[in-house]
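Colleague: Residue strings, one per chain:
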Amino acid sequence: MIATLQERAAARSSNGHLQSNAVAPAIEVEELTRRFGSFVAVDHVSFTVPSGSIFGFLGPNGAGKTTALGMMLGLIPRSSGTARILGHDIHTNLPDALARTGAMVEKPALYPYMSGRDNLRLWAYLAGIDDPKRVERALQEVDLTARADATFGSYSTGMKQRLGIATALLRDPDLVILDEPTNGLDPAGQREIRALIRRLAASGRTVVLSSHLLYEVQEVCTDVAIINHGKLITTGRMQDVLHTRDSIEIQVDRPLDAVPFIEHLSDVEQVHLVDDLVVVTVDASFAGVINRKLIEAGFEVTGLRPRQRRLEDEFLALTGLPAQNGASDDTD
Amino acid sequence: MSTSSSRSALEFDQLTKRFGEHVAVDAMTFSVPRGSIFGFLGPNGAGKTTTIGMALGLIPPSSGTARVLGFDIRTNPSEVLQNVGAMVERPAFYPYLSGRMNLQVFGAQAGMDDRSRIEEIIDLVGMSERANAKFGGYSTGMKQRIGIGAALLCDPELVILDEPTNGLDPAGQREIRELVRRLSETGHTVFVSSHILAEIQEVCSHVAIINRGKLVSTGPMSEILAGTDQLVIDVDRPEDARQTLLNIPDLEKVVVDERQRLIVDVSLDRAPEINQTLVQSGFAVSQLRHQEGQLEERFLALTGQATGSEQTNG
Amino acid sequence: MTPISRIFIGEIWKLLKRPMTWTLAIILVVLMVLIYGTLIGTILAPDGMGVDVEVDQSMGTSLEEALILPDGLYMGIGLVQLMVTALIIVLAAGMVGSDLSWGTIRTMLMMGAGRTPILIGKILALGVLGLAGLVIGMLLSIIGSLVTAVAVGEGIQFSSWATAGFVGEAGVLLFRSMIGIMVWAAIAATITLMSRSLAAGLGASLALLFLGGQIGGLLGQLGNIGVWMGRALPNAGVDALNQLNAAIPPSYAAGDWAWILANIIGWLVLLAIAAVVTFRRMDTLAAGS
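Chains as they are written, first to last, in our numbering: chain X, 1 to 332; chain U, 1 to 314; chain G, 1 to 289.
Hint data in this document are derived by calculation from the structure and do not stem from the laboratory. Worth double-checking, as some hints may not be accurate.
[Stated by the list, open to error] Calculated pairs, DMTMM-like style, for lysine to aspartate or glutamate (alpha carbon to alpha carbon, straight line, at most 20 Å):
| hint | chain 1 | residue 1 | chain 2 | residue 2 |
| --- | --- | --- | --- | --- |
| 1 | X | Lys293 | U | Asp236 |
| 2 | G | Lys17 | X | Asp149 |
| 3 | U | Lys134 | U | Glu163 |
| 4 | X | Lys293 | X | Asp240 |
| 5 | X | Lys231 | X | Asp43 |
| 6 | X | Lys107 | U | Glu163 |
| 7 | X | Lys231 | X | Asp96 |
| 8 | G | Lys17 | X | Glu28 |
| 9 | X | Lys293 | U | Asp123 |
| 10 | X | Lys107 | G | Asp283 |
| 11 | U | Lys134 | U | Asp123 |
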């Protein structure tokens, strides 16, 4: 059943990263569909965002990401299907679903003629927050205090983006949904936002991140869903989507000798050479054992890592574009 | 293309721009080798746009010179403009005309009526199959490629692209990266600014980093990244393992990061030795990974913004 | 859920922060000064240039008499009512249209404001601003009337107008004008909401404001059916109501009151339903892009 806020708060303080079975998922989407005439923008999409995860929500332009996010937040009427946010059905209880949710969807939507601070004061007032410190804290969180009195319209893209994020954080939400948060930010700004996302997750919050910068998603996200043409293509833990758990690759001084040696170890399913890399199909938790056995047998092990695929290659393969020459590993 | 014998496609010499008291660009000196893919990086407000503006003759410098293929924009504007194609802002085209028609219209405006040249450009930017579709129906990546195509109309040797992948989806980003490589292969020098450092690292051969109007670092990518290599090690008892490694002579920087991984600043050839030491001391090493220098780390360190303790994962 | 009171105060705050509101206020003041200046100039001009212009031929009232208090009050409210209505239409379309195009309507929804409360809060805020505009305009018109009295040498004859009856009459005029303002605000806001376009809301409402009377008149020439069609126009009820604001008002029979009230209440209900239904089914993401 649905955990109460107190239970979740307790779970949060005892365990930074919540197990998905400990509390209700942050978001449960079931068969969510949106038709515009004969065009199906979102087509029976179902996925679950585990509580405490950093969830990458990905898809090419026009895949239906924003429409799906909009339906989940009650900003767009659905054609069919359901969504539950923090345990509340958005169609029967939208106010409770949104009460602990902060979101920036599509772009930072704020008043251009008002200062950054006045915008936040207005939103805080509408949200029933009367403590002025909350506004100042939100400004500090995104490093905008120095420019808080300039109008939103005069901000650079990056500053607008940061104020939009501050607006999403204003109600101290348990669930934060950010659509392209690093758009227009310079590298330091991008890193600040990534650090902010990690901080939010470390304090037990759930973050849904939609981004086109896949190296960024790969770096921060624990879970991922990819949609294309309105349909869910894949979803799951990042490491499962990237298949990093079922094989390892080893860089060793005598690869031709290493292959038969490793083949004889227990639990190893398959060993083969890719260029000079020894690729071993085995549960990644055996990496330490294999490494020790190799060293004991006199091999020089230079590198040892779970088989890594780039999210970008996986994404482009799943959404129908060929992987880039030379930059990608083959799938076996 | 130019017959100039200059070895640099673009050369800045003590280039300076003052706006009143504020020095936007301060004695900028660097050169862009011909044939390179040159990444031009800096935080917001570092002076990138002003520098590009001076190179294109859009902003008069306060002092110093900017030379394009050896020509000074102030004394030889026509030579400069013949040799430079730039896409500085998101291109504005007629949405109801096809990509091909748009290029023909822009070509005619630029006094360029050679139809075969337009076909060449369409081919180069990889738009042959969609050239007859309306511009308004293109994806953002396709629009951007037509925009770059327009920059190529006058057959420039130097192509300047400002944030060409900003806002593009992954397929669009890749389309532009591949186009940049193709431009380089067809003899163009590409000067590109971007905030997406992973992309710059992947595609650029050279780089210049500026901060607060000043050049901070420039050179081939490999030199910029030199000395930033790290070994990332997953081990069962990271703190004890760190002590063990500190006993190895001339191994100075060993840290445990926030994810309880050992980070060792060392070149790749020391990896077997470190691995062996750890295993023989009874540690279980489950990951041993060479992390190539990250341009982002380098960039943030050089521009004095490396305040975060974030470690990148590969 | 955000209470309506907070949405209302938020809307007032936004309007006061918005430069457009102050531009419109300045336009109101400048127009009033220009109009009264021109009228006084006309009166003071040498003979043959307008002193004897009769405002209402049938009554034989001179411009001078019509401008000076107490009758000046009726002339003033006629001017002010039209101007403030036009300005409120601009504000209403601007308020709804920009929330849609900036996407700020989404941020309001995300902060816990309900859709119907947002509409109520907005219309209330427009009402308050409309009332403020009417009061300011009326005060300016009274000042204009007093200046006229001084200029023509009659002086400020307090006894002839500074009475409780005068204040009461002013209140009644304001109340009647407010009904019209609210109807027009609702028309502009609803058209803007339904068309998702500030320009459409503004254009259609202003066209109706300035042409509605003529259309009604043309329809009236079609005989009985035409008259009733004219009476069904959204402007007909409030136009009839505003005619009561004249120095010598028409007197309406019970049958007249019936269609006037039916028109006003009917249109308000219709507009409210249209606005609520449209907003509830609205794709607020598409509206912004």
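Colleague: Hint by hint, say whether it matches the structure.
Modeller: So, going through the hints one by one against the coordinates:
1. For the suggested pair Lys293(X) and Asp236(U), the alpha carbons sit about 16 Å apart, so the restraint of at most 20 Å is met.
2. Using a Cα cut-off of 20 Å, the hinted pair Lys17(G) and Asp149(X) holds, with the two alpha carbons roughly 13 Å apart.
3. Proposed proximity of Lys134(U) and Glu163(U) is contradicted: the alpha carbons are some 24 Å apart, above 20 Å.
4. A hinted pair counts as satisfied when its Cα atoms are at most 20 Å apart, and Lys293(X) with Asp240(X) does not qualify at roughly 27 Å.
5. Distance check on the hinted pair: Lys231(X) and Asp43(X) sit about 5 Å apart at the alpha-carbon level, within 20 Å; holds.
6. A C-alpha spacing of about 19 Å is found between Lys107(X) and Glu163(U), which places the hinted pair at or below 20 Å, so the restraint holds.
7. Among the hinted pairs, Lys231(X) with Asp96(X) is inconsistent with the structure: their alpha-carbon atoms are about 28 Å apart, more than 20 Å.
8. The suggested pairing of Lys17(G) with Glu28(X) is violated, with an alpha-carbon distance near 40 Å, which exceeds 20 Å.
9. Under the criterion of a C-alpha separation no larger than 20 Å, the hint pairing Lys293(X) with Asp123(U) is inconsistent with the structure, at around 55 Å.
10. In summary, the hint linking Lys107(X) to Asp283(G) is supported, as the alpha carbons are separated by about 15 Å, within the 20 Å threshold.
11. For a cut-off of 20 Å, the pair hint linking Lys134(U) to Asp123(U) stands: about 17 Å separates their Cα positions.
Going through the hint list in order, the structure does not satisfy hints 3, 4, 7, 8 and 9.
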